[in-house]
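With chain A fixed as given, assemble chains B, C and D onto it according to the hints.
Protein chains: 4
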Amino acid sequence: MQLGLVGLGRMGGNMRERLRAAGHEVIGYDNQAELSDVASLAEMAKKLDAPRAVWVMVPAAVTDETITKLAEVLDTGDIIVDGGNSRFSDDAPRAERLNERGIGYVDAGVSGGVWGRQNGYALMVGGAKEHVDRLMPIFEALKPAGEFGFVHAGPVGAGHYAKMVHNGVEYGLMHAYAEGYELLAKSELVTDVPGVFKSWREGTVVRSWLLDLLDRALDEDPKLAELSPYTEDTGEGRWTVDEAVRLAVPMNVIAAALFARFASRQDDSPAMKAVAALRQQFGGHAVRKR
Amino acid sequence: MQLGLVGLGRMGGNMRERLRAAGHEVIGYDNQAELSDVASLAEMAKKLDAPRAVWVMVPAAVTDETITKLAEVLDTGDIIVDGGNSRFSDDAPRAERLNERGIGYVDAGVSGGVWGRQNGYALMVGGAKEHVDRLMPIFEALKPAGEFGFVHAGPVGAGHYAKMVHNGVEYGLMHAYAEGYELLAKSELVTDVPGVFKSWREGTVVRSWLLDLLDRALDEDPKLAELSPYTEDTGEGRWTVDEAVRLAVPMNVIAAALFARFASRQDDSPAMKAVAALRQQFGGHAVRKR
Amino acid sequence: MQLGLVGLGRMGGNMRERLRAAGHEVIGYDNQAELSDVASLAEMAKKLDAPRAVWVMVPAAVTDETITKLAEVLDTGDIIVDGGNSRFSDDAPRAERLNERGIGYVDAGVSGGVWGRQNGYALMVGGAKEHVDRLMPIFEALKPAGEFGFVHAGPVGAGHYAKMVHNGVEYGLMHAYAEGYELLAKSELVTDVPGVFKSWREGTVVRSWLLDLLDRALDEDPKLAELSPYTEDTGEGRWTVDEAVRLAVPMNVIAAALFARFASRQDDSPAMKAVAALRQQFGGHAVRKR
Amino acid sequence: MQLGLVGLGRMGGNMRERLRAAGHEVIGYDNQAELSDVASLAEMAKKLDAPRAVWVMVPAAVTDETITKLAEVLDTGDIIVDGGNSRFSDDAPRAERLNERGIGYVDAGVSGGVWGRQNGYALMVGGAKEHVDRLMPIFEALKPAGEFGFVHAGPVGAGHYAKMVHNGVEYGLMHAYAEGYELLAKSELVTDVPGVFKSWREGTVVRSWLLDLLDRALDEDPKLAELSPYTEDTGEGRWTVDEAVRLAVPMNVIAAALFARFASRQDDSPAMKAVAALRQQFGGHAVRKR
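Protein chains in written order, with the numbering used here: chain A, 1 to 290; chain B, 1 to 290; chain C, 1 to 290; chain D, 1 to 290.
Okay, chain A solo, but in the shape it has when bound:
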């Protein structure tokens, strides 16, 4: 089928390739002319037969303005899919605004990163059944082969919600391996730490794709000597904890993984300075001056 695709960066560009390889006609638009198939959103819209489907794959910060501009060149009966990392709570208001113009809206959480073009992109989508049904050929082409890698999770917002939780879980998983790594690295007994991770890749309870990646990383740099502990977070981890707080879900593991990222970016911990100050006051404990 035909698809408009707005945003042809690393993710969008690879998705275009995968869709075309599956026989779909993709008209891609990007601000950067050298990536773009057309000169404007209007031209893109003109090249698509109504009712149109347009997938937006731009950074979360510019999603709303992109969709606003896009809606101006679309018509009643068209559908917009947001495949970016939007916060789920932005989806319903966005769907309502589009609905006033007769345009449908589907939110799609997309996982797969740099590996997606080859392996397929896992898709978690939210929206009305009729909209999702119309888009199924596109979802089928993007998703990994086989029975997994796709869910229609619920109404508008449910796709980004499921992707948010996916990323929250990812934080927890990564940090569990990371704590295990640190303990092994500090152990006096274990002399082959990378070998231990390699041994875990088959036959164990902890085998996973993340473990495979950690093994690869240790192959390249067995003591991770080239890396800084400084680690960003991309929003979904925070939203996951916010939701846990809102819904009264005890979430010690994922929150701890998130907090560890925060701490990794501090040169100086104000909290620990307060602890040091207290120890100095009550015990005359030696503290380090800066």
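For the record, the hints were derived by calculation from the structure and aren't laboratory data. It cannot be assumed that every hint is accurate.
The list treats identical chains as interchangeable, and a pair is accepted whether it falls inside one copy or across any two copies.
[As the list claims (entries may be wrong)] In silico SDA-like links for lysine to any residue, alpha-carbon gap of 25 Å or less:
hint: 1; residue 1: 69; residue 2: 41
hint: 2; residue 1: 46; residue 2: 218
hint: 3; residue 1: 129; residue 2: 10
hint: 4; residue 1: 223; residue 2: 262
hint: 5; residue 1: 129; residue 2: 223
hint: 6; residue 1: 186; residue 2: 87
hint: 7; residue 1: 223; residue 2: 246
hint: 8; residue 1: 46; residue 2: 99
hint: 9; residue 1: 223; residue 2: 266
hint: 10; residue 1: 69; residue 2: 50
hint: 11; residue 1: 47; residue 2: 228
hint: 12; residue 1: 186; residue 2: 225
hint: 13; residue 1: 186; residue 2: 90
hint: 14; residue 1: 186; residue 2: 85
What follows is chains B, C and D alone, placed relative to chain A:
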């Protein structure tokens, strides 16, 4: 090669099958006569050509007494492998005691559970190179096919250490998925929670064997309605946290997963009763009487 | 000075008493006629000389509507103080709305609970210096005697912010004592748990007002046998964690205390059921059926 | 009464003063001759009338050897008190060894730090009733005036146990304040952070001696600019978490406070490097090279 195998329960029995299928000659001994190939440890020893190798696969609580009895029927040059869930700190003293009789000792952390017979058992072993080398044909037969699933992690104790950390990581991984499950289950938006887990099985960052199992569990019981939250812990999680405390490793994630198991077994939280008592005292907050 | 006081419940009623005892003229209004000094907000306004100061002390859920009604009977130059448990982020919009009518706004976090009438109420206020200065006689009368118990923490919102953090810290403190209580209660060695808490009340690092209260509670019920662990949370703890997430502050302790309250209210932990399900799948571990 | 006192450092020296001020006869011994009242343990023993009581106040690392030497100069019927920071689990074996020589043993957890001489030392003691009774005049002199600050917590070991939990609770309390400090310091709204802490000192739920000390520290250095976050831990926090693990007590708060101290001493977090390595592998996320 020949191997004595002491303990023919669920794990030991399956290992005997896998070893025999690989062409090894296994003389198994178990307290339960109907499982045993021989009538006594002495008979087992007699049937093995020196230098012997004997694998002990019994519950941790009886490992020491089993090894003591076994050593009495072995000779200088023989090797004992402990494949049970011993605490790593028991390995060095045990090796020393056996060493006084000229008997070698290798510790082997074994992962694989009920799936191991078919998929192979991941093995993390500790001991002297010469002992490990002699046992390699056995390790090769037990481990999964391919390059993964085995490590000689270091000297005596390193095998059980690596297995302990494996289990600690396992606690963290399981709880990360579990928190994600709870949030999805409470969300007002996500209407197909099992579908979300199914979608994660391909193309995502969180795909793993544990995720596959959780999907299976949700296939069988989509709301986990048949299960109690009461969850045991088997020692390795506690030892992992103990080691983190000893080696000054911040281990918030794995510790939180362990503490959550503790809490799952409490009918009544004394700590929360203390919190309730305080709220009643300072605020006249309504509290629940029993 | 004169003060209008809206809301004469447990907190507001006691504050009226404390203010009158300090010589201030308080005109109180409450929906419940038997508590009220006047029949309406309009009558209250009429009895106060301009420029007026009116303190609103109502549940957070009805603060906005109360202030809206109140503003209708006030004039340019008057000041409204919100002493309730508003979320700090509601203060700036509220101040702006009032500012359009020439009415000043001050937010006041109030601590003290049922003990405040006697000991004084600690006050954390936010607002413009001129507004705070005009209200100082009231603050002086409400606060505890001496140099502590009052701060002008910053512009509008800073008072409720400081109170929010106060409550977040309170969660952490309470839970630290609570964990200590549980460990002592489980210890095989300590035979006089209430005695230990009593011993801590003087000369120790952990002495505090909360500790005094816990000692009182243990005097009344040495094993806390009469209490349920079920514990509510009142909003400020959640907002504190939300702010930590927004500002990238690692907040493991306060978050853990909050999550423990969430858990205390669950009959059944969905997360632990997921853990139990996983254990059943991979290990054939015995799990409890409901 | 008479008391031998071994160890006249900061703690022991001040305790000697407090005891003498209360009218007791103290014969102090210390390795450092200029602090010591006598030239040897033997001379100390000779100057005390039987049955003797000797208080040992030396670093935990040398307590066992000190007690062994001391026991050689004592007789049946004498009592040794260990007032140092021994691990509770060392007490019972020590008591048994002394018991073989007819010497009694009492363990005393002592709190009070540099403030104890003036305010009194809180005492948590473990031992046989007859031994504790004989020492009561000494305990009375050391403890703070009034009904608090002393407990006979149980048999031998219970005193150090109670003190261990005291210190674990202390870790949690300190970190709760510290997290509150960090959030206030990062808030855009609160302009007077030290003022907020000062306001909390009266009339609030969080008032405590630790809060008073934090206020003092902020008076001296309002931004804690002179301090490093590097913070030691002294053993009791670790033992508390070890005990929680042993006794299956969920202890998220105190463990988090302990782990934060561990993290404060790391130049580089191996765990976070593992997280960074994973992000680099799966997402091509920019990571910082060292």
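Right, here's what the structure says about each hint:
| no. | hint | verdict |
| --- | --- | --- |
| 1 | 69 - 41 | within (8 Å within a copy, 49 Å between copies) |
| 2 | 46 - 218 | neither (50 Å within a copy, 46 Å between copies) |
| 3 | 129 - 10 | neither (29 Å within a copy, 48 Å between copies) |
| 4 | 223 - 262 | both (23 Å within a copy, 20 Å between copies) |
| 5 | 129 - 223 | between (50 Å within a copy, 23 Å between copies) |
| 6 | 186 - 87 | between (39 Å within a copy, 18 Å between copies) |
| 7 | 223 - 246 | between (40 Å within a copy, 22 Å between copies) |
| 8 | 46 - 99 | within (21 Å within a copy, 50 Å between copies) |
| 9 | 223 - 266 | both (22 Å within a copy, 16 Å between copies) |
| 10 | 69 - 50 | within (18 Å within a copy, 52 Å between copies) |
| 11 | 47 - 228 | neither (47 Å within a copy, 57 Å between copies) |
| 12 | 186 - 225 | within (14 Å within a copy, 32 Å between copies) |
| 13 | 186 - 90 | between (44 Å within a copy, 19 Å between copies) |
| 14 | 186 - 85 | between (37 Å within a copy, 21 Å between copies) |
Hint compliance for this structure: hints 2, 3 and 11 are broken, all remaining hints hold.
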